[in-house]
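Q: The primary structure of each chain is shown beneath.
Protein chains: 6
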Amino acid sequence: MKRKLVTFGEILMRLSCEDHLRFSQAHTFNVVYGGSEANVAISASNFGMSVDFVSVVPHTDFGNASLAELKISKVGTDNIVFRGKRLGLYFLEKGAVNRGSKVIYDRANSSFAEVKSEWFDWEDILKNCNQFHWSGITPAISKAAAEVCLEAVETAEKMGISISADLNYRGNLWQYDVIPEEIMTNLVSKSNVLLAGGYACKQFFGIQTQNSSNLELFEELTQKFPKLEKIAITNRIEMNASHHKWSANLYNGKTILNSTEYDIFPIVDRVGTGDSFMGALLYGLQHYEDQQALDFATAASCIKHSIYGDINRVSKEEVVKLMEGDISGRISR
Amino acid sequence: MKRKLVTFGEILMRLSCEDHLRFSQAHTFNVVYGGSEANVAISASNFGMSVDFVSVVPHTDFGNASLAELKISKVGTDNIVFRGKRLGLYFLEKGAVNRGSKVIYDRANSSFAEVKSEWFDWEDILKNCNQFHWSGITPAISKAAAEVCLEAVETAEKMGISISADLNYRGNLWQYDVIPEEIMTNLVSKSNVLLAGGYACKQFFGIQTQNSSNLELFEELTQKFPKLEKIAITNRIEMNASHHKWSANLYNGKTILNSTEYDIFPIVDRVGTGDSFMGALLYGLQHYEDQQALDFATAASCIKHSIYGDINRVSKEEVVKLMEGDISGRISR
Amino acid sequence: MKRKLVTFGEILMRLSCEDHLRFSQAHTFNVVYGGSEANVAISASNFGMSVDFVSVVPHTDFGNASLAELKISKVGTDNIVFRGKRLGLYFLEKGAVNRGSKVIYDRANSSFAEVKSEWFDWEDILKNCNQFHWSGITPAISKAAAEVCLEAVETAEKMGISISADLNYRGNLWQYDVIPEEIMTNLVSKSNVLLAGGYACKQFFGIQTQNSSNLELFEELTQKFPKLEKIAITNRIEMNASHHKWSANLYNGKTILNSTEYDIFPIVDRVGTGDSFMGALLYGLQHYEDQQALDFATAASCIKHSIYGDINRVSKEEVVKLMEGDISGRISR
Amino acid sequence: MKRKLVTFGEILMRLSCEDHLRFSQAHTFNVVYGGSEANVAISASNFGMSVDFVSVVPHTDFGNASLAELKISKVGTDNIVFRGKRLGLYFLEKGAVNRGSKVIYDRANSSFAEVKSEWFDWEDILKNCNQFHWSGITPAISKAAAEVCLEAVETAEKMGISISADLNYRGNLWQYDVIPEEIMTNLVSKSNVLLAGGYACKQFFGIQTQNSSNLELFEELTQKFPKLEKIAITNRIEMNASHHKWSANLYNGKTILNSTEYDIFPIVDRVGTGDSFMGALLYGLQHYEDQQALDFATAASCIKHSIYGDINRVSKEEVVKLMEGDISGRISR
Amino acid sequence: MKRKLVTFGEILMRLSCEDHLRFSQAHTFNVVYGGSEANVAISASNFGMSVDFVSVVPHTDFGNASLAELKISKVGTDNIVFRGKRLGLYFLEKGAVNRGSKVIYDRANSSFAEVKSEWFDWEDILKNCNQFHWSGITPAISKAAAEVCLEAVETAEKMGISISADLNYRGNLWQYDVIPEEIMTNLVSKSNVLLAGGYACKQFFGIQTQNSSNLELFEELTQKFPKLEKIAITNRIEMNASHHKWSANLYNGKTILNSTEYDIFPIVDRVGTGDSFMGALLYGLQHYEDQQALDFATAASCIKHSIYGDINRVSKEEVVKLMEGDISGRISR
Amino acid sequence: MKRKLVTFGEILMRLSCEDHLRFSQAHTFNVVYGGSEANVAISASNFGMSVDFVSVVPHTDFGNASLAELKISKVGTDNIVFRGKRLGLYFLEKGAVNRGSKVIYDRANSSFAEVKSEWFDWEDILKNCNQFHWSGITPAISKAAAEVCLEAVETAEKMGISISADLNYRGNLWQYDVIPEEIMTNLVSKSNVLLAGGYACKQFFGIQTQNSSNLELFEELTQKFPKLEKIAITNRIEMNASHHKWSANLYNGKTILNSTEYDIFPIVDRVGTGDSFMGALLYGLQHYEDQQALDFATAASCIKHSIYGDINRVSKEEVVKLMEGDISGRISR
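So the sequences go chain by chain: U, C, Y, L, D and V. Residue numbers for the first sequence follow our numbering, so the first one is 49 and each next one is one higher. Residue numbers for the second sequence follow our numbering, so the first one is 49 and each next one is one higher. Residue numbers for the third sequence follow our numbering, so the first one is 49 and each next one is one higher. Residue numbers for the fourth sequence follow our numbering, so the first one is 49 and each next one is one higher. Residue numbers for the fifth sequence follow our numbering, so the first one is 49 and each next one is one higher. Residue numbers for the sixth sequence follow our numbering, so the first one is 49 and each next one is one higher.
Bound conformation, chain U alone (with noise of 0.2 Å):
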């Protein structure tokens, strides 16, 4: 049988101050990659799903180097193409209280910004998949980006697999000459599984709803994009830059589920943390119930707070245990 999750997108190397240094205050960075499909992908794979990762990086040590978080998750590697000259980078300055964190990229022009089409034959690639995730980003980093994503869209439809996407609207991407809501909608009219959020859906389809609650919005969303059988969507209130609180819903086109509200305070590392949701969700629903998929994806993603890095490190024990109430933190020895 199939079991295996594809995601498809772009790895960055990421410079981070220490602690809470400005920019202007750093001489040192301190260094780790990640990309939200990769991120993704290393997040179910360390729960036990068998997945691979297809990308495009350069064939420096730095595109080596970008593998390894992935290698040492088990997460295939195989389909990803060394070519191009650079790997994409982003700067992150972690801010406190009610100084917000700061990220500046540097990603274009990268080896995936100039991916090509024949460097994949999206069938073998496929061949023994059941779940293509893809994000938002990949379609706004470069015209021959979102082709490709298409591409792999339309495969993947092609071969009934299952498709997921995580709507990820980065506004200061979208450079090239394109109008997003059309390819944006092109893509998630194929997809099944949706990671969406008020705001994206905005900016991507002109959705705007009233409620304080997400119905109206699984609503509108279900109706514009029929083939969705899940939609979710994370609710982060931002008290300030180091408190979150954070909940989630599960909508299956019937009723609407919600889970527990997490208050998370002081805030490690918030980058990554919607991929994390993805990673578990995805793992989730192929597990659990829809109650549970949605409580073991929130719950995942409430400690990806507490963990440095773009990455969920943390195993299905952990997850099941806050999942299942234990919010106390308490140290095991």
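FYI, nobody ran anything at the bench for these hints, they're computed from the structure. Among the clues, some could well be false.
Which copy? The list can't say, so a pair holds if one copy fits it or any two copies do.
Claimed, not checked - In silico DSS-like links for lysine-lysine, alpha-carbon gap of 30 Å or less:
| id | residue 1 | residue 2 |
| --- | --- | --- |
| 1 | K272 | K122 |
| 2 | K150 | K369 |
| 3 | K364 | K133 |
| 4 | K369 | K272 |
| 5 | K52 | K150 |
| 6 | K191 | K364 |
| 7 | K238 | K293 |
| 8 | K175 | K52 |
| 9 | K133 | K250 |
| 10 | K369 | K133 |
| 11 | K369 | K250 |
| 12 | K191 | K52 |
| 13 | K293 | K364 |
| 14 | K164 | K119 |
| 15 | K302 | K133 |
| 16 | K238 | K164 |
| 17 | K150 | K275 |
| 18 | K119 | K175 |
| 19 | K150 | K133 |
| 20 | K191 | K302 |
| 21 | K52 | K122 |
| 22 | K302 | K164 |
Dock chains C, Y, L, D and V against the given chain U, drawing on the hints supplied.
A: Only chains C, Y, L, D and V this time, still in chain U's reference frame:
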């Protein structure tokens, strides 16, 4: 006049990840040394008591290094035996928010675990002592350690020395062929001062209480161990790994005394906080009335939560300032 | 048009322990440079004002290094005198929760403390200046410093330059033979803008007020120092060393203005927050109405609590964003 | 065609002091993982060979972490067994000039030391293997390890697989009841490729040679172990802890081949240099004539002296460049 | 009298691995900023010259940060243009012994590469200038950069300003459609002072010389570029990556002058050593006779090898001390 | 039998830059504590002598911290007086190759400099002492320090205790109104063992010798100071800051003994190497014949060059191994 405190137990090397890194992310470990009874010794010495620590460490660079903090704090080390092959270790991953801290012990077959009775002349060691302290960790380590601990306690009892104990239940120890209840009952029955805890009492003695107040537990303990003159319990409410509420009770056979409850957030290092309470309580009981002794111990251990390492590096003046109600944490300059 | 701010005072090397380590645990110190009047200078310059800092530093590598941040921020350093033997130092141990931070000054006999009147031609220094700023730390350092400060203030007064002051009471200074009240009364009586504080007013001028509101204090100060046009007070409520509430008032001789109260938790570095308020207030008073000036200064200094070092590294845009009510600390990417 | 190298041995956590600090000065340890046979596996894999590493590690965070470098380097880990209680450790203090480096082993009772025969199906493990590699460290660890090592060697012999060995004499191991000569003679007599050494040969086999040349030793070994087809010896001249001269010889039963002698100063990390020679030799013998294989192995291990950690992170291209005579260490940009 | 040095070129962020770690081992990068012409500017300014650096940097935190060192060293930055999207980067892995250092450039599409002619009014920029300096890196970056460089050189020539150049051949640049020889010939033909090199002369001009002495090269250059008044060559003999021999020659059209040869071992940081020679030579030629100028430049650049970063942080006094023969490196206290 | 060594002098906080960073590059300082006479005390104690260190430190966290290393090494600290305001400091920038190390003293007005005669009862302090040691740094610090040093020396002389001295000429000290020759002549004339040096002898006593051998100097010293029984000189040949040759001579009034010459490269930390010689010589003279004592002291101080900090952390066994000729720096494992 005899006024020396003698404590007996194992001292370990602690290897902890930086900040909140997980074990799998650690490229460096920070090194300190500590152990419950050594921590008590240093705490008491820092407040001005005359203290001796008795232990076994290997004749290696690490055996020597483990004693540095004791020497700096003027704790006597003349009765520490240099024997055996290895210093016990433990690894510490510091959690945050809903992710708990994690300890991996690597202390089997340590020099201390292979302690021999003939290495200690307890009558000589205790000759200027008026307080002997042991904890439930020592008999849990090995049969040999339990036996030597009992010899020490029996000698102290015979010499009329006050005996104090911290139950310190550690489920992962007690790996040898033993009924913990038997040996602990024997040891506690000879003791006069006890730092107890609801969970430990249940595990060791099967005592189960229903009230949220600690009174019932105090009464059961007093009944079971008539020699006990003072029993203390610390109350830790774990909001999450970063946020605890902390208070304590002291029972003198008649009345139950309550301390202030401190709200501790964000915690810097919670390891050794119980020991810091014990060390301060032993100091307090010799220098104050009971209520003040309790307040001193609670305040001292509250501050420990803000100090890196196993050891409470705090002055008597700092404790008194907090004990008298100044929780402002005002900068002194 | 003259639009230059000139500040006069001492700049120090600050040696701080890593994280929350105690002095006794420190194997490294982090090094930055700062001082109340230099901090004000840099803050104002970062918002776009033309600023000059006047001081004395030794002709050593550390004297030079102390000026780097000023030069980077385009603060003029042409009137800094290179003389004397040593740069003043201070050591900082950063507290947490119920353990306060601790400063050990080591600034006696510094180059600045041995300042000489003949090193400065104040008429020349102040020729393009429209605002001269001093603080209560300078006359506290030494008789010589107090005298030169007075000369500067007198020259500014004679030249019709607006004079601002921060009372900055430091009980551990004022070590020479002096009556602080006399010299401070003389200096403040020539000043037009004041950053005051209840404790400092009591120590310096014996002013004691009963109301929880600052109005009474403002009125007493206005009466005593009729030249004062604007008086500000910052209100710091210390929940503990990691958690403060922060607001401010501004009085223009008639009405008392209130700022937003910010909840700041967890604090990254509270040293220099008062200076960041002062620098922003001087900017604000030249560019805004009073209420906005107060709001700008309060928001700027709120953010300073999240920034390592003595200096407020924040842009006008970041301050305005918070001042306009966005406390979310949202990540910008 | 079978072209896989399989190596079998223990992998350890290495904890090393920063820079040249002594153990007594260490407040942090740097962490890497390594072990003779794992190092050989990674070296060979980095040059492009298909490699499998067989071992036992505990089912803990450290057991998992010890495999990261293998996975990153594409060494197969499917035959690694997760059992037992602890990962072996060693501590490293790096000397300089006339102060030698110091290793403290803490590997007794490790998961590997308690290996069990039934955990491995050697016929299956070796089914695609054409080279099996072991070292003298494995039989030195414990009786159990020696037995499993012998089973592996016997199976390989039976399956007609070439067997290589590194004598790797470690006097501090061999702590169980054993005559090292017996077991080593048995194991080496079945091997075809040997990395020997004068001191090891004397300790293990009582072979003592007088000439400064290695020819006599080669001849004695060939006579004693007729199956040996290739014997290599590395020649390390220790000027002091920071400065070595490094060369090697290879003997094919008839002639003795000599490598270049490299002057290595200052050494960055000498641990694992022998293993880097072995790994490169195994690669070389499959891809080159003998002289080139020797030159390749000597150059590869020369470069290892400049690389931190147990593992030789060097590309084939870099080795070839040095092997062809470019010792300039010219910057590439 | 006009006495200002103006240099024009790109400044980059440099990200280097700690110690001798390889890129694949790096979890942190150390950050400094530098670039050939900025390094020359700072060197000359540190010796007391009046200097201006002209460049383009993006209007980001990193654009600002790249100027800090210039400002600290009093290099004028008023003619630096804030435009474009990214600061160029380079990554540095520091070799040792027989492993060379490795640079990975990531500077394509930088703000400087997309420089525009209209951003600079060269007549105004050069109005107080008596020495204009450029290097062969600038025309190699992009067509736009080459054009602006030529405009600057032509303007300087027209204004009668002395022009200096460092050939600085970088094979990995020159990626646009260009014949390097043409543009370099044009630029050098207008220059008066040249830092050349045998390899660069061969690459750029096809000049090939046979003698080990540099005289022939000097004569060919003088013939080809009759405006050249002074030509210098540095002689680097690379024993290995840690050990160089370093000397230089200066030719004034008639005689060839020789410097001392320095034995530099172990090298701390060799990047920027050529620039430190150039900066010191420009200072020397204005303040000394030719032989002393050569000696000053050679000594200054010798010391640079012991200083971390791209920039030569050395005082005139320190250079003179070495130049006068004190190679002892005696501690000063 | 009296067998205690007592040393008297100042202990300082040392703040050194990381690696080879210049002061202007330092964002952190590493902290250790040391001082000539404390270093001697610890060296001798580490070899097994009974030692007491006498000094004055302030009653601050830094005064306490300065004693930690003494306590760890079992040097007696009971006669250290806690008085005054500040601990002396010194800053250290570590040179390399042709750039020398740089020390900036900041020790004026320290607690020790303001020592008072009445704080010490020398007869009591020296009651179990058989060797009193002082160095030329102490009388150089202040008039008060010189007077107390003289009192100590006079008391020791009166009590028949052997007196040793290290001339330790520091030109930057001796800032008070004094003729160094007078006081040094007085002090040395009462001493029995001397560590001298050609430069110090010239500065202090005007002794100038012409021969490259030290014999003439020994003879002049013996003539001038007839009480001297043993005089040692260390010979440091500074190839450059990273590379020294190191040997020593000992003169017993009749013959001159020579040590091995060690080639030390690259030096880790040269501060305190003279003190390590002195401490080992005092041990050696009590336990060996003169030649061996010299060899022991030279070997011990050779090793000190490889150890970070002021203090020689080396065991007697390690010294003996080198002293017996093993310069290989072989790894011990």
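Q: Now look at each hint and say whether the structure bears it out.
A: The hints, checked one at a time:
1. In this assembly of identical chains, K272 and K122 lie within 30 Å of each other by CA distance neither inside one copy nor across copies; the values are 37 Å within and 45 Å between.
2. In this assembly of identical chains, K150 and K369 lie within 30 Å of each other by CA distance solely across copies; the values are 14 Å between and 33 Å within a copy.
3. Only between protomers do K364 and K133 lie at most 30 Å apart by alpha-carbon distance; the minimum there is 22 Å, versus 38 Å within a single protomer.
4. Taking CA atoms no more than 30 Å apart as the test, K369 paired with K272 passes in neither setting, with 37 Å inside one copy and 36 Å between copies.
5. For the homomeric pair K52 and K150, neither the shortest alpha-carbon distance inside one copy (35 Å) nor that between copies (32 Å) is at most 30 Å.
6. For a Cα distance limit of 30 Å, the shortest separation of K191 from K364 qualifies neither inside one copy, at 38 Å, nor across copies, at 37 Å.
7. In the homo-oligomer, the alpha carbons of K238 and K293 never lie at most 30 Å apart, since the shortest distance is 32 Å inside one protomer and 51 Å across protomers.
8. Taking CA atoms no more than 30 Å apart as the test, K175 paired with K52 passes in both settings, with 9 Å inside one copy and 28 Å between copies.
9. In this assembly of identical chains, the alpha carbons of K133 and K250 lie at most 30 Å apart only when taken from different copies (28 Å versus 35 Å within one copy).
10. Only between protomers do K369 and K133 lie at most 30 Å apart by alpha-carbon distance; the minimum there is 24 Å, versus 44 Å within a single protomer.
11. Only between protomers do K369 and K250 lie at most 30 Å apart by alpha-carbon distance; the minimum there is 23 Å, versus 36 Å within a single protomer.
12. Taking the shortest Cα distances, K191 and K52 sit within 30 Å of each other inside one copy (28 Å), while across copies they are farther apart (43 Å).
13. Within a single copy, K293 and K364 get their C-alpha atoms as close as 22 Å, and across copies as close as 29 Å, so both meet the 30 Å cut-off.
14. Taking the closest pair of Cα atoms, K164 and K119 come within 30 Å of each other both inside a single copy (24 Å) and across two copies (29 Å).
15. Taking the shortest Cα distances, K302 and K133 never come within 30 Å of each other, neither inside one copy (48 Å) nor across copies (47 Å).
16. Taking identical chains as interchangeable, the C-alpha atoms of K238 and K164 lie at most 30 Å apart only when both belong to the same chain, with a minimum of 22 Å there against 45 Å between chains.
17. Taking identical chains as interchangeable, the C-alpha atoms of K150 and K275 are never at most 30 Å apart, the minima being 36 Å within one chain and 44 Å between chains.
18. Proximity of K119 to K175 under the C-alpha cut-off of 30 Å is found in both arrangements, the shortest distances being 21 Å within a copy and 24 Å between copies.
19. With identical chains, the CA atoms of K150 and K133 are at most 30 Å apart both within one copy (26 Å) and between copies (16 Å).
20. In this assembly of identical chains, K191 and K302 lie within 30 Å of each other by CA distance neither inside one copy nor across copies; the values are 36 Å within and 61 Å between.
21. For the homomeric pair K52 and K122, the shortest alpha-carbon distances inside one copy (12 Å) and between copies (21 Å) are both at most 30 Å.
22. Taking identical chains as interchangeable, the C-alpha atoms of K302 and K164 are never at most 30 Å apart, the minima being 40 Å within one chain and 56 Å between chains.
Figure legend: structure checked against the earlier numbered hints; hints not met, in rising order: 1, 4, 5, 6, 7, 15, 17, 20 and 22.
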